[in-house]
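Engineer: Given chain A's structure and the hints, the job is docking chain B onto it.
There are 2 protein chains.
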Amino acid sequence: MNRPVTIALDASGGDFGPSVVVPAALDVLRKHADIQLILVGDETAICGELGERRDARLQVRHATQRVEMNESPAQALRKKKDSSMRVVIDLVKSGDADACVSAGNTGALMATARYVLKTLPGIDRPAIVTRIPAIDGHTHMLDLGANVDCTAEHLYQFAVMGSELVAVVTGDPRPRVGLLNIGEEDIKGNEKVKEAGQLLESSDLNYIGYVEGDDIYTDAVDVVVTDGFVGNVSLKTSEGVAKMITHYLRESFSRNALTRIVGLIAKPVLRRFRGLFDPRRYNGATLVGLQGIVIKSHGSADVFAFANAVEIGIVEVAKDLPKRIHKRLEQQFLARKTA
Amino acid sequence: MNRPVTIALDASGGDFGPSVVVPAALDVLRKHADIQLILVGDETAICGELGERRDARLQVRHATQRVEMNESPAQALRKKKDSSMRVVIDLVKSGDADACVSAGNTGALMATARYVLKTLPGIDRPAIVTRIPAIDGHTHMLDLGANVDCTAEHLYQFAVMGSELVAVVTGDPRPRVGLLNIGEEDIKGNEKVKEAGQLLESSDLNYIGYVEGDDIYTDAVDVVVTDGFVGNVSLKTSEGVAKMITHYLRESFSRNALTRIVGLIAKPVLRRFRGLFDPRRYNGATLVGLQGIVIKSHGSADVFAFANAVEIGIVEVAKDLPKRIHKRLEQQFLARKTA
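These protein sequences, in sequence, are chains A and B. Everything in the first sequence is counted per my numbering, starting at 5 for the first residue and increasing by one. Everything in the second sequence is counted per my numbering, starting at 5 for the first residue and increasing by one.
Hints were generated in silico from the structure; no laboratory data involved. One or more of the hints may lead you astray.
Which copy is meant is left open, so a pair is good if it fits within one copy or across any two.
What the hints assert, rightly or not - The calculated EDC-like cross-link candidates involving lysine to aspartate or glutamate, where the alpha carbons are at most 20 Å apart (straight line), are:
1. LYS271 to GLU255
2. LYS327 to ASP128
3. LYS196 to GLU243
4. LYS331 to GLU315
5. LYS323 to GLU75
6. LYS247 to ASP223
7. LYS323 to GLU216
8. LYS198 to ASP94
9. LYS122 to GLU334
Bound conformation, chain A alone (with noise of 0.2 Å):
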């Protein structure tokens, strides 16, 4: 590659649009000294966005249309060739970027990201990764909504994918790898998911066995396997009790004058604890399976929480993630055929 780094963001996706988008690129480029940035969307908005603060590393690309949060996949794909989000998934397809980044509609996203990237030779379906704080460290876990029914052979192929993406992240070679089951003596979880297990005991993966809802959050283990359904849920599910923790906490020291005191005085610890799981220091879902870098944005993200995300797509930029995953598999795909 001649030309830096370059990651394409889509301007017009999330709940914000520019508002968020082109501070948070700012914020990107003062960080990063060797990064390009391509925004995309509605020229006149970012550049109103933009006013003064023109940057040479910043380039604007103008883009007719918007995928909207509640268009359908099928309609985004056929209708909708020159949104923001469309043109940033061909900015990576045609090498033009790096990667790319964007807010919008999830099931539009990795529709398109499919049609226009491909999957990774030996992966059906893409799936959808995070990480997650957990007690000493972070867990990441996929699938989160990209696939609602999977097979076996899915579940083990997003192991594979998540193993190898962890690995590129925190430089672990072997990170740990759990199937997520229930742990009802009777069932022992599902058909799919004992043959998922027995795919993985013969994998070279690092593979634990199986984990429970509890395990996310801790230090048990590092890639946590599950359908998109199970996934989703589990991570929306996280998200509702962390709200209503953190709204009962809020209450406790707003109930009189005492406690409002009480909670003056322990405010920068308070601050500080909230600090630990912010989720806007997780945001970015990395698109994995694809022969592009494509990194999902929550919604209703900051500048704060969207900059986070571009971050995640310099990293796996800067360590090729696809093409670690493709030769992964094709080491695994030679294990099982020899074994």
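Structural biologist: Chain B alone, transformed into the frame defined by chain A:
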């Protein structure tokens, strides 16, 4: 009934057996002047725990066997016919007890209860349901692990049972019922969930449509319906998140001398806060859909938590829960026939 309400307690179940069940039983008797209890298990161990603390409303019934926590349900059913778990269920069957409570192996408890008591007419499979803390209220969720692979019809039956249970417990005649689903636009859940949604739309339940994982912890829904795999993962995930958050809260206040002083000042506020979603307060899950009342306590329950599980049994006896669910089912079937 000529005798007072009688609850049979499996004194050998759970991690702690009589050392938890016996003091919990005495606490319940102190609180309820009109209740009788039967402690079932190893007579010597129970009497050793009781010591001088006898009560005329407390009978002891010897059982020669104990179902182990890792024992298969089939084995428990076949080989443990005089286990404390089996005897408490037999006492419900014979009418000598109105309900039973066990902290033993969930799979064995469900299999034994189903075999001895049978399901209510119209119910294919019993389910496990429990109360969950939420912002400004509570939610009930089912199934929590009894049924890994469910059909749409099973989910529909869970909805009927859950709705009636919540009506009984809260007094709200039309609790809001939601189907747990995921929000990705292209998929909107799997086929089974869609089909169950159609069944619920044509029912006379207060069905509010799909809910997502984060809705469980809000005031948006009263009864969350899902299959046992997803429900179990969701519940365990919640436990994991809560543990992680309380871990970091403790850690934040013990970082240095200053934060420890702040922690001392904030202690009463933090103690009350933690009490709000203390899992011990929520101990006790109902096995619904049986011709009898069976309550499952957490295996690691302490005295306070086990007593809470017994309280749930007392409420369900007072409201004659199985009969009410049976009636409701009959109405549903009539409604569906005439629809």
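Engineer: Does each hint hold? Answer for all of them.
Structural biologist: Evaluated hints:
Taking the closest pair of Cα atoms, LYS271 and GLU255 come within 20 Å of each other both inside a single copy (14 Å) and across two copies (15 Å). Within a single copy, LYS327 and ASP128 get their C-alpha atoms as close as 16 Å, which meets the 20 Å cut-off; across copies the closest is 50 Å, which misses it. Taking the shortest alpha-carbon separations for LYS196 and GLU243, neither the intra-copy value of 27 Å nor the inter-copy value of 25 Å comes in at or below 20 Å. Taking the shortest alpha-carbon separations for LYS331 and GLU315, neither the intra-copy value of 24 Å nor the inter-copy value of 58 Å comes in at or below 20 Å.
Taking the closest pair of Cα atoms, LYS323 and GLU75 never come within 20 Å of each other, the shortest separation being 33 Å inside a single copy and 48 Å across copies. Within a single copy, LYS247 and ASP223 get their C-alpha atoms only as close as 22 Å, which misses the 20 Å cut-off; across copies the closest is 12 Å, which meets it. Proximity of LYS323 to GLU216 under the C-alpha cut-off of 20 Å is found in neither arrangement, the shortest distances being 31 Å within a copy and 35 Å between copies. Taking CA atoms no more than 20 Å apart as the test, LYS198 paired with ASP94 passes in neither setting, with 39 Å inside one copy and 34 Å between copies.
In this homomeric assembly, LYS122 and GLU334 come within 20 Å of each other (Cα to Cα) only inside a single copy, at 17 Å, whereas the closest approach across copies is 53 Å.
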